[in-house]
Every structure is written in C-alpha cells, then in structure tokens.
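Engineer: For reference, the chains in residue letters:
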Amino acid sequence: METKRTTFNNRLLPYLLLAPQLIITLIFFIWPAAQAFKSSFEREDPFGMSTVFVGIQHYQRLLEDPNYIDALLRTMVFAVCVTSLAMILGLAFAAAVDRLTRTSRIYTTLLVWPYAVAPVVAGVLWWFVFNTSTGLLPFFLQKIGFKWDHDLNGTHAMILISIAAAWKQISYNFLFFLAGLQSVPHSLMEAAAIDGSGPVKRFFTISLPLLSPTTFFLFIINVNYAMFDTFPIVDATTAGGPAQATTTLVYKVYQDGFVGLNLGSSSAQSVMLMMIVMVLTFVQFRYVERRVQY
Amino acid sequence: MVENRPILNILTHLFLILGFVVVALPVYVAVMASTQDLPTLMSGPVPLWPGSHFIENYTQLLTNVSAANGLPNYSHMAMNSLIMALVITIGKISISILSAYAIVYFRFPFRQLAFWVIFVTLMLPVEVRIMPTYKIVADLGMLNSWAGLTIPLIASATATFLFRQFFMTVPDELLEAARVDGAGPIKFFRDILLPLSRTNIGALCVILFIYGWIQYLWPLLMTTDTGYYTLMMGMKRMVTAQDGIIPWNFVMAGSVLAMLPPILIVIFMQRLFIRGLTETEK
Amino acid sequence: MAGIHIAGVSKIYTGGVKAVNSVSLDIADGEFIVLVGPSGCGKSTLLRMVAGLETISEGEVSIGGRVVNRMEPAERDIAMVFQNYALYPHMTVYQNLAYGLKNRGTPKAEIDARVAEAARMLEITQYLERKPRALSGGQRQRVAMGRAIVRKPAAFLFDEPLSNLDAKLRVSMRGEIKRLQRRLGTTSLYVTHDQLEAMTLADRLVVLSAGQIEQIGTPLEVYHTPASTFVASFIGSPAMNLVSGELHGDRLAIGPAVFDLKGFAPTSGPVTVGVRAEDLRLARAGESSMPFRVDYIEELGSQRLVHGTVGDQTLTAAVPAETQLGDDLHLAVEVEKLHFFSKESGRRIADRAPQSVARMEPVGAA
Numbered sequence: 001m002e003t004k005r006t007t008f009n010n011r012l013l014p015y016l017l018l019a020p021q022l023i024i025t026l027i028f029f030i031w032p033a034a035q036a037f038k039s040s041f042e043r044e045d046p047f048g049m050s051t052v053f054v055g056i057q058h059y060q061r062l063l064e065d066p067n068y069i070d071a072l073l074r075t076m077v078f079a080v081c082v083t084s085l086a087m088i089l090g091l092a093f094a095a096a097v098d099r100l101t102r103t104s105r106i107y108t109t110l111l112v113w114p115y116a117v118a119p120v121v122a123g124v125l126w127w128f129v130f131n132t133s134t135g136l137l138p139f140f141l142q143k144i145g146f147k148w149d150h151d152l153n154g155t156h157a158m159i160l161i162s163i164a165a166a167w168k169q170i171s172y173n174f175l176f177f178l179a180g181l182q183s184v185p186h187s188l189m190e191a192a193a194i195d196g197s198g199p200v201k202r203f204f205t206i207s208l209p210l211l212s213p214t215t216f217f218l219f220i221i222n223v224n225y226a227m228f229d230t231f232p233i234v235d236a237t238t239a240g241g242p243a244q245a246t247t248t249l250v251y252k253v254y255q256d257g258f259v260g261l262n263l264g265s266s267s268a269q270s271v272m273l274m275m276i277v278m279v280l281t282f283v284q285f286r287y288v289e290r291r292v293q294y
Numbered sequence: 295m296v297e298n299r300p301i302l303n304i305l306t307h308l309f310l311i312l313g314f315v316v317v318a319l320p321v322y323v324a325v326m327a328s329t330q331d332l333p334t335l336m337s338g339p340v341p342l343w344p345g346s347h348f349i350e351n352y353t354q355l356l357t358n359v360s361a362a363n364g365l366p367n368y369s370h371m372a373m374n375s376l377i378m379a380l381v382i383t384i385g386k387i388s389i390s391i392l393s394a395y396a397i398v399y400f401r402f403p404f405r406q407l408a409f410w411v412i413f414v415t416l417m418l419p420v421e422v423r424i425m426p427t428y429k430i431v432a433d434l435g436m437l438n439s440w441a442g443l444t445i446p447l448i449a450s451a452t453a454t455f456l457f458r459q460f461f462m463t464v465p466d467e468l469l470e471a472a473r474v475d476g477a478g479p480i481k482f483f484r485d486i487l488l489p490l491s492r493t494n495i496g497a498l499c500v501i502l503f504i505y506g507w508i509q510y511l512w513p514l515l516m517t518t519d520t521g522y523y524t525l526m527m528g529m530k531r532m533v534t535a536q537d538g539i540i541p542w543n544f545v546m547a548g549s550v551l552a553m554l555p556p557i558l559i560v561i562f563m564q565r566l567f568i569r570g571l572t573e574t575e576k
Numbered sequence: 577m578a579g580i581h582i583a584g585v586s587k588i589y590t591g592g593v594k595a596v597n598s599v600s601l602d603i604a605d606g607e608f609i610v611l612v613g614p615s616g617c618g619k620s621t622l623l624r625m626v627a628g629l630e631t632i633s634e635g636e637v638s639i640g641g642r643v644v645n646r647m648e649p650a651e652r653d654i655a656m657v658f659q660n661y662a663l664y665p666h667m668t669v670y671q672n673l674a675y676g677l678k679n680r681g682t683p684k685a686e687i688d689a690r691v692a693e694a695a696r697m698l699e700i701t702q703y704l705e706r707k708p709r710a711l712s713g714g715q716r717q718r719v720a721m722g723r724a725i726v727r728k729p730a731a732f733l734f735d736e737p738l739s740n741l742d743a744k745l746r747v748s749m750r751g752e753i754k755r756l757q758r759r760l761g762t763t764s765l766y767v768t769h770d771q772l773e774a775m776t777l778a779d780r781l782v783v784l785s786a787g788q789i790e791q792i793g794t795p796l797e798v799y800h801t802p803a804s805t806f807v808a809s810f811i812g813s814p815a816m817n818l819v820s821g822e823l824h825g826d827r828l829a830i831g832p833a834v835f836d837l838k839g840f841a842p843t844s845g846p847v848t849v850g851v852r853a854e855d856l857r858l859a860r861a862g863e864s865s866m867p868f869r870v871d872y873i874e875e876l877g878s879q880r881l882v883h884g885t886v887g888d889q890t891l892t893a894a895v896p897a898e899t900q901l902g903d904d905l906h907l908a909v910e911v912e913k914l915h916f917f918s919k920e921s922g923r924r925i926a927d928r929a930p931q932s933v934a935r936m937e938p939v940g941a942a
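Residue numbers (the numbering used here), protein chains in the order written: chain A, 1 to 294; chain B, 295 to 576; chain C, 577 to 942.
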C-alpha cells in the first residue's frame with residue numbers, strides 16, 4: 001500500500017494518531033463480532049451461569065427452521081423489489097434531467113432531498129399515506145374496488161415497506177446515474193445523432209451500456225441498503241408483521257436476540273449476516289479496484 | 295442537448311414534474327396532516343389542504359410533555375438529536391483524518407494491519423452484531439449515556455478512506471517543501487494539510503450530520519431513559535400507540551420536525567452534499 | 577556560504593537496486609553545479625539525498641563542513657526549488673515566503689524585511705497578497721525562488737525547476753536564475769535533464785548515467801572532450817556522430833573511406849569514432865573523404881542538417897545554409913576534430929589535441 005515518497009520518521013506518533021480509531025474499532029466492532037462468532041457455537045444455560053460448546057448446532061437448527069428460510073427468501077424478494085424500483089426510477093429521473101441544461105439544477109434540488117429523510121420517518125410517512133382507515137391511497141384504491149389492508153395482508157405490508165424503502169433511495173441512485181450520464185462524452189452523442197439515432201435509441205444503445213459500471217456499483221449499494229439500513233422502516237411500521245410477512249433477516253436478529261433473548265441463535269444469525277456483508281463488500285471493492293485501474 | 299425536439303422537451307418536463315409530485319406526496323400529506331386536529335384525521339382520508347391547528351399542534355409538541363405519550367417534549371428530543379449528530383460528525387471526522395494522516399504520511403510496523411482493521415468495520419454494521427455490541431456497552435456501563443450513544447458510532451472506514459484518497463492526491467513536494475521549511479508532523483498537519491482538506495471536511499460534515507441525525511437502531515438499543523431520547527426514538531414511541539389510538543396530528547408534526555433540519559442542509563448545501571455522497575462511496 | 581562535499585554516496589533501494597552508485601563530488605563555495613542526465617540516471621535522488629528527503633544508504637554528505645547525513649532537511653541550511661513549485665495553495669505569496677522563517681522563530685520585523693527584499697529582487701512585490709492559483713506559471717516560479725532566497729541558506733537545491741514552463745519562459749527564467757545566483761553567490765546544485773539548460777547554467781556540470789558519474793567538467797570541457805560515448809551523445813545538439821572505425825597504425829578506416837592521421841596512432845584495431853556534425857564539411861577535390869549518401873535534409877535556417885549514410889552507418893552533417901547539395905556527397909573532417917572511444921568500454925581514448933589532453937579531468941569517482 002502506498003505512502004508518500006518521503007514520510008515523517010516519528011516512531012510513536014503514528015500509533016497515537018491511529019489509537020482512537022483503532023481502540024473504538026477493536027472494542028465496539030471486532031470484539032463484538034468475535035463474541036458473536038464464539039457464542040454462535042455455544043449454549044447458555046437459562047440462568048446465564050455457564051455455557052457449553054454445541055458446535056454447529058445453532059446453524060443446523062437455523063437452516064432447518066422454516067421461519068429462517070422464509071425470512072431469507074423474503075429478504076431477497078424485498079431487496080430485489082427495493083433495488084429495482086429505486087434504480088429504475090433513479091435512472092429515469094437522471095436520464096430526464098440529463099436532457100435539460102438550464103433547469104437541471106432546479107430539478108436536481110427537487111429530487112435529492114429524500115435522501116436526508118430518516119428511514120423511520122420515511123416508513124411512518126408512507127404508513128400514514130397507506131393507512132387503512134384514514135390513508136389517502138386506500139381511499140382512492142377503494143374507489144376502484146381494491147381493498148387495501150396491510151394490517152392483515154402480508155403482501156400489502158411488503159409492498160408498503162418496499163415503497164417506503166425505495167422512495168428514500170431514489171435520490172441516491174438519481175445522483176450517481178446523473179453523474180454517470182454527464183460523464184458520457186458529448187462528442188459520442190453527437191456522433192450517434194449524425195449516424196441517425198434518435199434520443200431514445202441513443203439512450204439504450206450508448207448511454208445505458210456506458211453506465212454499466214455505475215449500475216453494477218449501485219446494485220451492490222442498493223442491496224446492501226435494502227438488507228441492513230431498512231430496519232427502522234420495518235420496526236416503526238409493520239414490526240415484522242402481519243404474521244412475520246415483513247420480518248427481514250436483520251429484523252429477525254433483533255427480535256430473536258434483543259427481544260426474544262435467544263443468544264445462540266441470534267449470534268448464528270449475526271454470523272450469517274456478516275458473511276453476506278463480507279461478500280457484498282468484497283464484490284464492491286473488487287469492482288472499485290477495477291474501476292480505478294481502467 | 296444534441297438536438298432540439300420541443301415535444302420531447304415538454305414531455306421531459308412533464309415527467310419530471312410528475313415525478314416530483316409523486317416523490318413529494320408523502321411529505322406534502324404529512325405537512326397538511328400536521329395542521330389538522332385528530333378528529334379530522336380519524337374521520338376519513340386526509341384533507342389535502344391546510345387545517346387550522348398548525349400553531350396548536352406544533353406548540354403542544356414542542357413544549358408539552360404529555361402531548362407525546364409521556365415522552366420528553368420535542369424541543370428536548372431535538373436537542374438530543376442535534377447533540378448526537380454533532381458529536382458523531384465531529385468525532386468521525388477527527389479520528390478519521392488523524393488515522394488517514396498516520397497511514398499516508400508515516401511508515402511504521404503494522405501499518406498494513408491497521409489499515410485492514412479499519413477496513414473491516416465496513417463489513418460489520420451495527421445491524422449484524424446487535425446483541426454482543428449491546429452487551430459490551432452494558433458491561434462498560436455506557437447504557438443511557440452520551441458516551442454510549444456516540445462513541446461506538448464514530449469509528450469510520452469511509453471517512454478514513456476519503457481522507458486517505460485525498461491525501462494521496464496532495465503533491466509529495468508540498469510535504470517536502472514544508473520539511474525544508476522546518477515544519478514537523480504536527481505543524482505540517484495544522485498549517486498545510488488541514489486547511490487543504492477544508493472542502494472535504496465540509497462535504498463530510500453534511501453527510502455525517504445526516505448520518506448522525508437519522509440514527510435509529512443504536513439509540514433504540516442504548517437508551518431506556520427517555521431523557522436521552524432523540525427525535526427518531528420519539529417517532530417510534532408515538533406510533534407504537536397505547537390504547538390503539540395513534541395521535542396522527544402530532545406524529546405528522548413530529549415527522550416534519552424530524553426531517554426538516556437534514557432536508558434544509560441538503561438543499562442549501564447541495565454542492566457539498568453531492569460531493570460528500572459521491573466521494574465517500576467511491 | 578558553504579561548499580558541499582559528497583563522498584562515496586550511494587542509494588540502495590530494498591531489493592538491491594542501486595539508484596546512485598558511489599558518487600563523489602566536491603562543490604566549492606558559491607559554485608553553480610548542474611547534475612544532468614537522462615531520466616532514471618539518479619540525479620534527482622542524489623539531490624534529494626543532499627536535501628535530506630531521501631536517506632543516504634552509503635557515504636557521507638557534508639554541507640559547510642558539517643556532516644548532515646542524520647539531519648532533518650530543515651537543519652541542513654539548504655533551500656529547495658521544486659519542479660511543480662510546491663507552493664502552499666492556501667497561503668498568500670507573503671505567507672509562502674514567510675512560512676520557513678516563521679517556523680524558525682525569526683522575529684516578525686526581520687521576516688517582513690527579508691520577504692520585502694526577496695520580493696523586490698524577483699519583482700513580485702505587487703503579488704504578495706495573492707494566492708498562488710492567481711499567478712501565472714512564471715510568477716509561481718519566482719515565488720518558489722523567493723521562498724528559497726528569503727531563507728539565506730548555505731545552498732540552493734533546484735530540482736528541474738523550469739521544466740513546467742513553456743519554452744520561451746524557460747529561456748528567460750534560465751537567465752534570471754543565473755543572474756540571481758551570481759548576485760547572491762550561493763552554492764547551488766541544480767538538476768535537469770535538458771543538456772542545453774545544463775550547458776548554459778553550470779560553472780561545472782556533472783553528467784550522470786545509471787547512478788554513476790560519467791564526467792565532471794566545465795560546459796566547454798564536457799562539450800569538447802566528452803569522457804565517454806554516453807557523454808558525447810548526450811551533450812550537444814545534434815548529438816555527436818558515433819561510427820565504427822578501424823585503426824591500422826595512423827590509418828583510420830571508416831566504412832569505405834580511409835583517413836591519414838599523420839603519425840597519430842592512439843590505439844589499433846576497432847574503435848568508436850566521434851565527430852560533431854558541425855565539424856564535418858564538404859570535401860575539396862583531392863582531399864581524403866567519405867562518400868556520403870543523403871537521406872533527408874533538415875532546414876534550421878542558419879544551417880542545414882544533412883542526414884545520410886556512410887557505408888552502412890548513419891551520420892549527420894551540419895553545412896552552411898546556402899550550400900548546394902546533390903544526393904551523393906563527399907565529407908571531410910580535420911583530424912584533430914575526431915574523438916576516439918574504446919569499442920568495449922565506451923571510454924575516451926586520449927586524442928591528439930595537446931591542450932585538451934591537459935585539460936582532462938580524472939573521470940568519475942575514485
């Protein structure tokens with residue numbers, strides 16, 4: 001790993017500079033992660049007096065537990081919904097704003113602020129809009145003969161949290177897609193126009209292929225977001241219900257561990273989640289490395 | 295724009311305006327709902343025009359404890375949110391810029407290891423290690439304290455990487471010139487590197503303030519004492535209604551108050567915000 | 577004021593690569609020394625070791641009689657001018673100049689006086705309150721020089737300070753650096769890859785190749801008596817012609833041509849013969865000469881450079897601009913203008929001009 005051509009030769013100072021970051025990391029990140037790893041192989045007796053090593057029992061149980069498998073599949077569905085919704089809308093807005101010159105800044109301002117809304121607030125806002133008795137959308141849906149009820153219908157609840165989660169993420173995707181589109185060389189567009197392709201065709205044959213690195217990067221980021229950053233949306237609105245229909249993996253870890261106090265299973269779930277993040281981070285950084293090289 | 299197509303231009307504008315309306319819908323609804331009284335809200339779809347209870351709802355919320363289900367009043371929670379966001383922002387920036395400085399401008403044993411330890415934090419979000427982290431904070435007696443609320447959150451790989459990235463672009467000769475000019479590591483950092491990092495620090499401030507402001511899970515784990523509740527905790531407590539009735543007028547007013555500061559920051563510091571966002575995630 | 581003494585200095589990188597190989601050099605007080613060589617020859621590394629920006633793997637550097645190997649750059653009493661100027665972008669010109677003095681605890685009044693004096697000398701007084709980005713390349717260059725001057729150091733170190741300027745500005749700044757150095761009389765060590773810059777600036781120049789000194793000498797010595805084929809081809813433009821020849825007694829054969837060296841026989845057998853383009857001329861009738869086939873001609877205005885071949889070896893000759901040229905020429909050269917180099921080592925074999933023999937310096941490090 002690079003440093004500067006010349007460096008300072010102090011011996012102690014660099015350690016002092018790193019100390020705060022490293023101490024916090026070790027105490028609050030590495031140590032708990034190691035603990036989770038350790039207790040995922042142990043069982044605590046009901047009084048917390050002693051622990052026994054149980055091997056991969058927790059993992060075995062977990063993978064045999066239909067609830068966990070359901071949560072896993074559900075989380076995947078949720079991640080795919082949120083990611084595709086947020087990315088398609090973000091791309092559409094970006095493509096539209098990229099067409100404009102004078103007004104692009106105004107539209108950018110109009111579209112970026114949802115990023116700053118806390119997930120819990122985003123959840124509550126959409127929850128209210130969809131509120132079964134007083135919400136706006138169910139009222140209109142009823143007029144076209146559709147009964148909306150996320151309190152009882154699991155699919156509805158899933159749609160609700162997907163919309164809330166995607167809504168918050170649109171602005172992020174929009175900004176990255178816009179930056180990507182604006183870095184497409186103008187001369188390329190002009191050449192294509194001279195070759196006789198219209199704006200729509202140009203978008204699909206030139207812009208979109210050139211955006212593929214951005215798209216891939218955003219895909220990873222969005223999946224990461226949907227899996228881990230949406231906890232507040234679930235917790236404040238559906239609380240995992242109805243009948244577990246919106247219990248994502250992260251919510252389940254919280255429920256089983258913090259609420260249900262099942263330390264071993266919760267730890268095993270934590271370890272599984274860590275592996276997922278590791279894979280995502282690995283993929284992301286491999287890709288970033290490539291982007292830097294080219 | 296490559297060519298001029300008036301119809302396509304009009305369609306573009308229409309699409310964007312429609313998009314904005316849809317995106318802004320829940321916020322508009324929230325603002326309108328926050329000006330109604332509860333009976334109006336309970337009696338059918340939300341009116342899409344302002345009601346007459348704007349001042350009443352907000353004063354209640356900001357000053358009156360009982361208005362929000364036995365929570366501290368909103369001013370108190372807003373202050374908590376502000377303190378938390380500021381401490382996290384300043385803390386993250388401080389420790390990250392120092393570690394990046396050490397990693398880039400010094401050569402020492404275990405430098406690589408230190409880098410990887412910091413890198414690993416990317417892979418360990420709070421969400422995946424809820425229980426053991428809670429336990430550690432509890433063991434250290436940091437539950438229900440400012441230290442517990444903030445310190446565990448101020449380790450930051452992304453901010454460290456951002457500063458490292460930036461330091462790598464600072465010409466080597468600047469350090470060499472400074473050394474010839476008699477500046478040691480502290481002086482170089484204070485006189486040269488810190489002033490040069492101003493824009494990056496500004497961009498990070500925007501992003502990290504938002505990060506700190508919207509924290510949810512961590513305060514949820516750390517605080518049982520309502521005195522430490524942030525606005526986000528307030529949201530959660532208000533919608534987990536006692537006796538089944540949610541005071542929607544207060545909830546919506548609370549939402550507006552909770553989202554206003556970061557939204558204003560994003561709008562008025564758009565340039566720094568975009569820079570911060572795109573730089574930290576690279 | 578002080579000389580710089582470099583004794584057996586080497587830079588060895590991890591992995592054993594020797595960037596600088598046992599270089600010795602004595603720089604007298606007030607002397608202007610230019611280190612010149614192609615990129616990667618170790619000239620910058622040597623300069624940076626003198627500055628204290630690189631550690632010295634072997635040998636010893638002393639400045640003004642003090643061994644500085646273990647000293648911080650700031651303690652060595654040197655000032656440095658960098659290729660990209662390395663001005664502090666957030667400080668005004670004044671602050672840039674004053675920073676080094678401030679760090680040394682120089683009193684404010686003294687700083688003001690010194691900055692004012694340096695600014696006057698460099699004619700940058702009206703820019704003192706500006707930031708570097710508001711200055712042109714030439715002005716930045718002056719500020720960078722000013723930062724060195726205010727310190728009144730024992731030695732100036734220049735690391736290719738002119739290579740970021742356009743050609744015209746480079747020439748005028750070159751003159752200015754020379755004038756300034758004369759006026760201040762400060763010992764200077766200057767690194768460049770531009771042989772013309774080296775020739776015009778140096779009291780003595782040091783030609784480096786692959787981390788070793790090829791030759792030390794005044795510009796004219798190096799030009800007229802290059803110590804090796806490397807120096808011969810590096811110094812002077814166009815580069816000196818180097819062709820293979822063979823000596824038999826005092827007869828020199830180059831391709832089909834044979835020259836009579838009139839009793840001069842420096843060696844015998846194969847030899848590399850050097851001859852500068854401007855020393856070649858069209859042969860008069862009956863004179864011993866080389867048949868020369870013209871490939872193409874470069875018009876320089878004042879003269880024409882004729883590129884072509886003698887036998888199978890390429891050669892360039894400079895002829896007066898108005899010379900009429902056909903496709904086949906005959907070139908002649910005065911015997912004392914020939915340089916002889918060993919075929920194996922590329923080192924110079926003493927030539928016959930007695931005064932240049934006497935002027936020759938011991939070559940390289942002992």
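Treat the hints loosely; a few may be bogus.
Claimed, not checked - No more than 25 Å apart at the CA atoms, straight line, and that leaves these computed lysine-lysine pairs for PhoX-like:
no.: 1; chain 1: C; residue 1: K707; chain 2: C; residue 2: K678
no.: 2; chain 1: B; residue 1: K481; chain 2: C; residue 2: K754
no.: 3; chain 1: B; residue 1: K429; chain 2: A; residue 2: K4
no.: 4; chain 1: A; residue 1: K38; chain 2: B; residue 2: K429
no.: 5; chain 1: C; residue 1: K744; chain 2: C; residue 2: K728
no.: 6; chain 1: B; residue 1: K481; chain 2: C; residue 2: K744
no.: 7; chain 1: C; residue 1: K684; chain 2: C; residue 2: K728
Unchecked claim - Facing chain A, according to a computed beta carbon distance under 8 Å, are these residues of chain B, among others:
no.: 8; residue: V317
no.: 9; residue: P366
no.: 10; residue: I412
Said to hold, decoys possible - Label-pair restraints from in silico Cβ distances:
no.: 11; chain 1: A; residue 1: L208; chain 2: C; residue 2: V870; range: 55 to 61 Å
no.: 12; chain 1: A; residue 1: L16; chain 2: C; residue 2: K728; range: 47 to 53 Å
no.: 13; chain 1: A; residue 1: L208; chain 2: B; residue 2: Y322; range: 44 to 50 Å
no.: 14; chain 1: A; residue 1: T103; chain 2: B; residue 2: F404; range: 19 to 25 Å
no.: 15; chain 1: C; residue 1: G591; chain 2: A; residue 2: P213; range: 19 to 25 Å
no.: 16; chain 1: B; residue 1: G478; chain 2: C; residue 2: T590; range: 50 to 56 Å
no.: 17; chain 1: B; residue 1: T463; chain 2: C; residue 2: I873; range: 44 to 50 Å
no.: 18; chain 1: A; residue 1: S183; chain 2: C; residue 2: I873; range: 44 to 50 Å
In short, the hints are calculated from the structure, not lab data. Glycine included, C-beta positions come from ideal geometry on N, C-alpha and C.
Engineer: All the hints need checking, so say for each whether the structure fits it.
Structural biologist: Structure-based check of all given hints:
Between K707 (chain C) and K678 (chain C), the direct Cα distance comes to roughly 18 Å. Compliance with the 25 Å bound is thereby established for this hinted pair. Distance restraint check for K481 (chain B) and K754 (chain C): the Cα-Cα separation of roughly 34 Å exceeds the 25 Å cut-off, and the hinted pair is therefore not satisfied. At most 25 Å may separate the alpha-carbon atoms for a hinted pair to count; K429 (chain B) and K4 (chain A) exceed this at roughly 41 Å. About 14 Å separates the Cα atoms of K38 (chain A) and K429 (chain B), which keeps this hinted pair within 25 Å; it holds.
Our distance criterion of 25 Å between C-alpha atoms is broken by K744 (chain C) and K728 (chain C), whose separation comes to about 29 Å. For the suggested pair K481 (chain B) and K744 (chain C), the alpha carbons sit about 38 Å apart, so the restraint of at most 25 Å is broken. Taken as a hint, the K684 (chain C) and K728 (chain C) pair is honoured in the structure, with Cα atoms around 16 Å apart against an allowance of 25 Å. Here the hint on V317 (chain B) is kept, as its CB sits about 6 Å from the closest CB of chain A, short of 8 Å.
Below 8 Å, beta-carbon pairs count as interface contacts, and P366 (chain B) has none with chain A, the closest being about 17 Å; its hint is therefore violated. Because the closest C-beta pair between I412 (chain B) and chain A is about 6 Å apart, less than 8 Å, the hint holds. At about 58 Å, the beta-carbon gap between L208 (chain A) and V870 (chain C) stays in the expected band of 55 to 61 Å. Checked against the given bound of 47 to 53 Å, the beta carbons of L16 (chain A) and K728 (chain C), roughly 36 Å apart, lie outside it.
Taking 44 to 50 Å as the suggested C-beta distance range, the pair L208 (chain A) and Y322 (chain B) does not conform, at roughly 33 Å. For T103 (chain A) paired with F404 (chain B), a C-beta distance near 53 Å fails the hint of 19 to 25 Å. In this structure, G591 (chain C) and P213 (chain A) break the distance hint of 19 to 25 Å, their C-beta atoms being roughly 35 Å apart. Look at G478 (chain B) against T590 (chain C): about 26 Å separates their beta carbons, and that is not inside 50 to 56 Å.
The hinted range of 44 to 50 Å is satisfied by T463 (chain B) and I873 (chain C), whose Cβ atoms lie roughly 48 Å apart. A beta carbon spacing of about 48 Å between S183 (chain A) and I873 (chain C) agrees with the range 44 to 50 Å that was offered as a hint.
In this structure, the hints that do not hold are numbers 2, 3, 5, 6, 9, 12, 13, 14, 15 and 16, in rising order.
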